[in-house]
Structure formats: structure tokens, C-alpha cells
Amino acid sequence: MARELVLGIDAGHTVTKAVLFDATGRPVARGHGTLPLTTPHPHWVERTPIDTDAVWRTAHRAVAACLAEAGPDAGRSVAAVGLAGHGDGLYAVDAAGRPVRPAIVAMDTRAEPVLEQWRGTPLWSRALELSGTVPFAGSPATLLTWLARHEPDVLRRTRWLLSCKDWLRLGLTGAVATDPTDAGASFTDMRRGGYTPELLDLYGLGALAGLLPPVLPCAAVSGTVTPEAAALTGLAPGTPVVTGARADEMVPPPRSASAAPRRANSA
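Residues 30 to 296 (the numbering used here) make up the sequence shown, in order.
Derived from the structure by calculation, the hints contain no laboratory data.
Idealized CB from N, CA, C, for every residue including glycine.
Incorrect hints may have been included.
The following label-pair restraints were derived from C-beta to C-beta distances [to be verified]:
1) D230 / E257: 35 to 45 Å
2) A97 / R155: 49 to 59 Å
3) G161 / V44: 47 to 57 Å
4) E141 / V183: 44 to 54 Å
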């Protein structure tokens, strides 16, 4: 069967969408699911307690619904999968890929006192100079500083610090990776590209450098659909999954959806 369709998955803060496109870019089928948020304390906004898996469950159900709408064996016609997700916040997982705490999303403001300590200091101006941005309460640098002060055991148990779409990739492929748009949230040198030790050290987070995922181009193939994910979604095992980008960024399309995968690290 010819592979002539492309599947896009976009996980926002409250809804995950899956849309199937034909070769002309016309949408041919859709699926979606809602995502719960909780506020266990004032200023906290998280996924439901220790249920970051809900993000993956909602995604694979949305994909399954989308493919079912497209017709029998539609999954075998998918040439590639593209990922997008909300930016910032924090999805911390252990070496087995399991969440070590509920994911924190970008609307969370528990770390505002950290920002108050940073504003107007040399840290603030240097962060802007290096990264082209300054932190806010829901950015990774601020949340990691808060966790280091208040939940250090979480960081001791963490193997990877992911963004939302990268958590979906882990579920689809078992691969750990991110792209320049999500990597640029806190720790990327905007001129040279890639993570910079100076930014990590600036925030006092240099010891966490090994928890950051490898950065791949947005249009690179970062892994392929596992048999387990195929059974849940209806996609064919081995379908390429493109690195993708945070949902509010523009990225170029891949030259070929059938390009040979460039493997990222496995969790």
C-alpha cells in the first residue's frame, strides 16, 4: 500500500488534536481528546497527580480515532508523523521513561519568588544576552530552580527533562530527543545554537546538564513507531516520527517523509 498520508499530533494545554493530511495538504480525518489540569495548591498548575501518562493516553486515543475516521488500514498509508506541543513547563521522567512527578505546565506561577530574586541582577541581563529571552515563572530554568530548592528528590530520580511533545515522542518511539524551539526555552545560545554551559551555570543548574535531551533538527526523523505504540494507535510499526516543534513555532517540512531515521537516545 502506498504511503501518501501524513499525520500531525498537537498536544496543547487542554486538548490534543490528531489530523491526517493527504499529499496536497488537505485534511482528510481528525481526532481529539481533552487533557485534565489540576491546581493542588495556589499558583500551581499541573497534570493530574502523577498522571503525565494521561497526555500519552489522550494522544494515542486521538490518533486511533483519526485513523478510524479515515477508513480501514489508514495507518498503513501514513508516511510520517509530525509532533507539536505546548512550550515551557516541565515533564521529568526517570530512566524507564516514567514520570517522577506530575508535569508542570507553563501557566504555573509557584516559582515567581525565584524570578523576584533574579530581576534586575546581572543574571537577568546576561540571560537575555545569551538566549535572547528572559525567564518567566513557567520556564524550565525557573521551575528547575524551584524544584532544586523544594523537591530535590525529584531531580535525583530524574533521567530526562522533557517538553510536552517530547513526552509524546517517548511514548510513540521510545526515543529521547527535542528540537531547537523547545531546547531554546532556557538553555540555548541563540547565536551559536545548542545548549551552553554558561546559561546552565548562570542559573546554578550546571549539574543538571546531563538531564537535557539531545537536540535534533525539527524536520529530522527522531525515531519510529514501536510495535506497542502501533497496537494502541493503529499506525504501522516502523512509521517515521519527525522531531517537530513547540506548537507556536514555524518549521520547514522534511525533504522526504521516508528519509532514513536518525536515532535518538532511548530512555
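Right, here's what the structure says about each hint:
no.: 1; hint: D230 / E257: 35 to 45 Å; in the structure: holds (39 Å)
no.: 2; hint: A97 / R155: 49 to 59 Å; in the structure: holds (52 Å)
no.: 3; hint: G161 / V44: 47 to 57 Å; in the structure: violated (29 Å)
no.: 4; hint: E141 / V183: 44 to 54 Å; in the structure: violated (19 Å)
Of the numbered hints given earlier, the model fails hints 3 and 4; all others are met.
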